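Can you build the whole structure from these sequences, using the hints too?
These are the residues of each chain, in order.
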Amino acid sequence: MSDVASAEQSQHVSFYKETSGIMNWIWTIDHKRIGIMYLTAVTIFFLFAVFLGFCIRMELMDPGVSEFGKMIDGMFGGTDGLQGNTYNRLLTMHGVVMIFLFIIPGIPAVFGNFFLPIMIGADDVALPKLNLLSWYCYVAGAIVALLVLFLGGPDTGWTFYAPYSAQTADTVELALFAAFILGWSSILTGINFIVTIHRLRAPGMGWFDMPLFCWALYASAWMQVIATPVVGITLILLMLDKHLGIGIFDPLKGGDPVLFQHMFWIYSHPAVYIMIVPPMGIVSEIMATFCRRIVFGYKFVAFSSMGIAMIGSLVWAHHMYTAGMADEARIIFSFLTFLVALPSAVKVFNWTATMYKGSISLAPPMIYTLIFMVLFSIGGFTGLVNGALATDVHVHDTFFVVGHFHYVMFGGNGVMFFAGLLYWFPKMFGRMYNFTMIYISSVLFFVGFNMLYGGMKWLGIMGAPRRYWDMPSGNEHYVTWNKISTHGSWLMIAGIAIFFGTLLYALFFGKKATDNPWGSMTFEWKKTKTPPVLLNFDSPPTMTYGPYDYPEKVEK
Amino acid sequence: MSELTANANNLNDHDHHGDAPHEHHYDPEGDKMGMWLFLFTELLLFGIFFIGFAVYLNMYPEDFSRCSKRLDPILGGINTLVLLFSSFTMALAIQQLQKGNKTASQILSFITLICAGVFCLIKKSEWLHKFDGGLFLNSEYLSTLPHGEQIFYGLYFVMTGTHAIHVIIGAILIITTMVFVHFDKVHADRITLIENAGLFWHLVDLIWIFLFPLYYLIG
Chain E
1 MSDVASAEQS
11 QHVSFYKETS
21 GIMNWIWTID
31 HKRIGIMYLT
41 AVTIFFLFAV
51 FLGFCIRMEL
61 MDPGVSEFGK
71 MIDGMFGGTD
81 GLQGNTYNRL
91 LTMHGVVMIF
101 LFIIPGIPAV
111 FGNFFLPIMI
121 GADDVALPKL
131 NLLSWYCYVA
141 GAIVALLVLF
151 LGGPDTGWTF
161 YAPYSAQTAD
171 TVELALFAAF
181 ILGWSSILTG
191 INFIVTIHRL
201 RAPGMGWFDM
211 PLFCWALYAS
221 AWMQVIATPV
231 VGITLILLML
241 DKHLGIGIFD
251 PLKGGDPVLF
261 QHMFWIYSHP
271 AVYIMIVPPM
281 GIVSEIMATF
291 CRRIVFGYKF
301 VAFSSMGIAM
311 IGSLVWAHHM
321 YTAGMADEAR
331 IIFSFLTFLV
341 ALPSAVKVFN
351 WTATMYKGSI
361 SLAPPMIYTL
371 IFMVLFSIGG
381 FTGLVNGALA
391 TDVHVHDTFF
401 VVGHFHYVMF
411 GGNGVMFFAG
421 LLYWFPKMFG
431 RMYNFTMIYI
441 SSVLFFVGFN
451 MLYGGMKWLG
461 IMGAPRRYWD
471 MPSGNEHYVT
481 WNKISTHGSW
491 LMIAGIAIFF
501 GTLLYALFFG
511 KKATDNPWGS
521 MTFEWKKTKT
531 PPVLLNFDSP
541 PTMTYGPYDY
551 PEKVEK
Chain C
1 MSELTANANN
11 LNDHDHHGDA
21 PHEHHYDPEG
31 DKMGMWLFLF
41 TELLLFGIFF
51 IGFAVYLNMY
61 PEDFSRCSKR
71 LDPILGGINT
81 LVLLFSSFTM
91 ALAIQQLQKG
101 NKTASQILSF
111 ITLICAGVFC
121 LIKKSEWLHK
131 FDGGLFLNSE
141 YLSTLPHGEQ
151 IFYGLYFVMT
161 GTHAIHVIIG
171 AILIITTMVF
181 VHFDKVHADR
191 ITLIENAGLF
201 WHLVDLIWIF
211 LFPLYYLIG
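Going down the list, the protein sequences come from chains E and C.
Quick note on the numbering used here: the first sequence kicks off at 1 and runs consecutively.
Quick note on the numbering used here: the second sequence kicks off at 1 and runs consecutively.
Derived by calculation from the structure, the hints in this document are not laboratory data.
Treat the numbers as computed from the prediction; the structure is a model and nothing was measured.
In this text, a Cβ means the ideal position worked out from N, Cα and C, and glycines have one as well.
Each hint should be verified, as a subset may be incorrect.
To be verified - Far from chain C by the CB rule (all over 12 Å, computed), these chain E residues: (1) Leu52; (2) Tyr136; (3) Arg199; (4) Ala221; (5) Leu339; (6) Ala345; (7) Asn386; (8) Gly501; (9) Gly546.
Unchecked claim - List time: in silico BS3-like cross-link candidates among lysine-lysine, alpha-carbon distance up to 27 Å: (10) E:Lys129 / C:Lys32; (11) C:Lys32 / E:Lys242; (12) C:Lys69 / E:Lys253.
See the structure below:
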């Protein structure tokens, strides 16, 4: 046996090289390959949706139709520029691609797939074939979504509100269908993660010995399982309403369109926690690794994930304060919304306490995590303005809401996707990237981000409504902030470009990474090679120490 | 490259090979847990229908009660008994396979299938009867009815239709299981597939038990 072990030492065959050929990727049930395929797809869709967002910002920079918009529209044979319905479609597709193809699947499907089994010491997820099916649901949904785009795209906004969505002539039903299929991808991944965490933890690893990323995935997996079927069937009902006239959302037939909003947000509010809880798990991992300390209040952080999952499922109607609900309902939902700030705050305070007296090293993943802390706190606090009934009525449907949403979603999920990528990139690809370039990108990103979305918040406070392609004359006071916002978007996009450029360069020309470049204590760094072998571990690991049991003092 | 890989494989006495890279261990508990979670999502899916039903029943109680009287509780009742009986035979089929009685299990599965067929035929005759009376979605006649009745029939067709689709999926699942049992891929020691098919079938039955009183008996 020891001969074999030493032979393995000299001949480390990573999962990339174990089998080769395209078919071994297409039909693979290896969670790592599925994770890599998700990463590729998710990144491409992200960059594409960034481009759509860029077009929106260019249109809004100056009053009137922009030259840039005319140029883009001209490339597709149009002459009007990005105004009117074209703008509506652009805006809808930006939202649909970002939310359903990037933010929701992003962190669980990429890092969850790749690292959850390794972190708990398993050789794969519990249901590998289901995992492959979930990937193909994603592919099918993505294809339908792209098809919609080329057929013109829906103009409803990503929320598909009835009764407009049931009446517009545009291709809403295909977009609904895409979201339905993508929902199944999400459900199957959720089921898989729950079963994996219940069944495949390494010997000796109790529930409270798991890394916190696993806890975050566990909580969000439950939300995926509980909430996604609701939106799936709601979207199907909307399709049936549109084509078969069942009338459930159609006031002409006795239906109630507000019911659609309820059913939609019963999913879509928990969905924002599906989007934010996994990134919070990454924050815990990175905080522990780069502060060389156990995460302060481990159990509180773990339970706060579950707390967010539970309370987050009961707050949906705060999207509908102005939709015509009873006052009692509005007050209760406002109260519940404030409650959900508690577990979120528990997390932020515990991370801050983790840094206190920690041995902090400001490596790139940590820099992006600190950016998260700032942006998410700003987003969280401005969220209270939206959650409070009295103030929300004033900022409802203004740019303030757009700014808030981007602060928590992009500043939360997107930034932690970057940080997670920086943290795990060496393990996934076996290469190390250039730190200096990442530092430069982080500065550009941070400054640009705050100009872009901070500008939007200020516009919203001034009263600028969202979803307008132009401000009618008499609203010249919006021009300055629209300009600042668009200029910020240029800086931010430059940061994103440098970020992905650096990683792409490192993928081919980067230095070889060692097995544990960050000196982390969790399984994926301590017990696997870089990149991991096919079944992850040379021999099944057992848990003999906690995931964050760093020695008291560590030499830098 | 492939030669190198093959050499490396020979050196390792792992249980992974070039052609079949993954021999995942068999975990019946895990598979069953996955199935229960899936059933949970199904319940939530129908849950939204039931919420919709509750909302509109509350808005239009008289219309709903009037429409309910026009459905045939005898046919609905027969269908309920058929499904209950089929759930019983399905449970027996699993039990027989656990004991190793393959033939008995296959016969019981087949009876379950026949019950599924009978259910669908009765459902079809009920729907056709409605269609003959001019009652179908988007019909001229339907649009002249009061709001509550339009919503009632809209929900009726969608909910019983979705349930019927689940009956058909369940039947396909049972056929698949029978094929696997026939080729001894599913047997007393590897029973998860038929158990999961059984769980799905009980869910189909259970949902009907709620649909039946809501539509046929509230009048």
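Output the numbers, in ascending order, of every earlier hint that fails for this structure. 3, 4, 11
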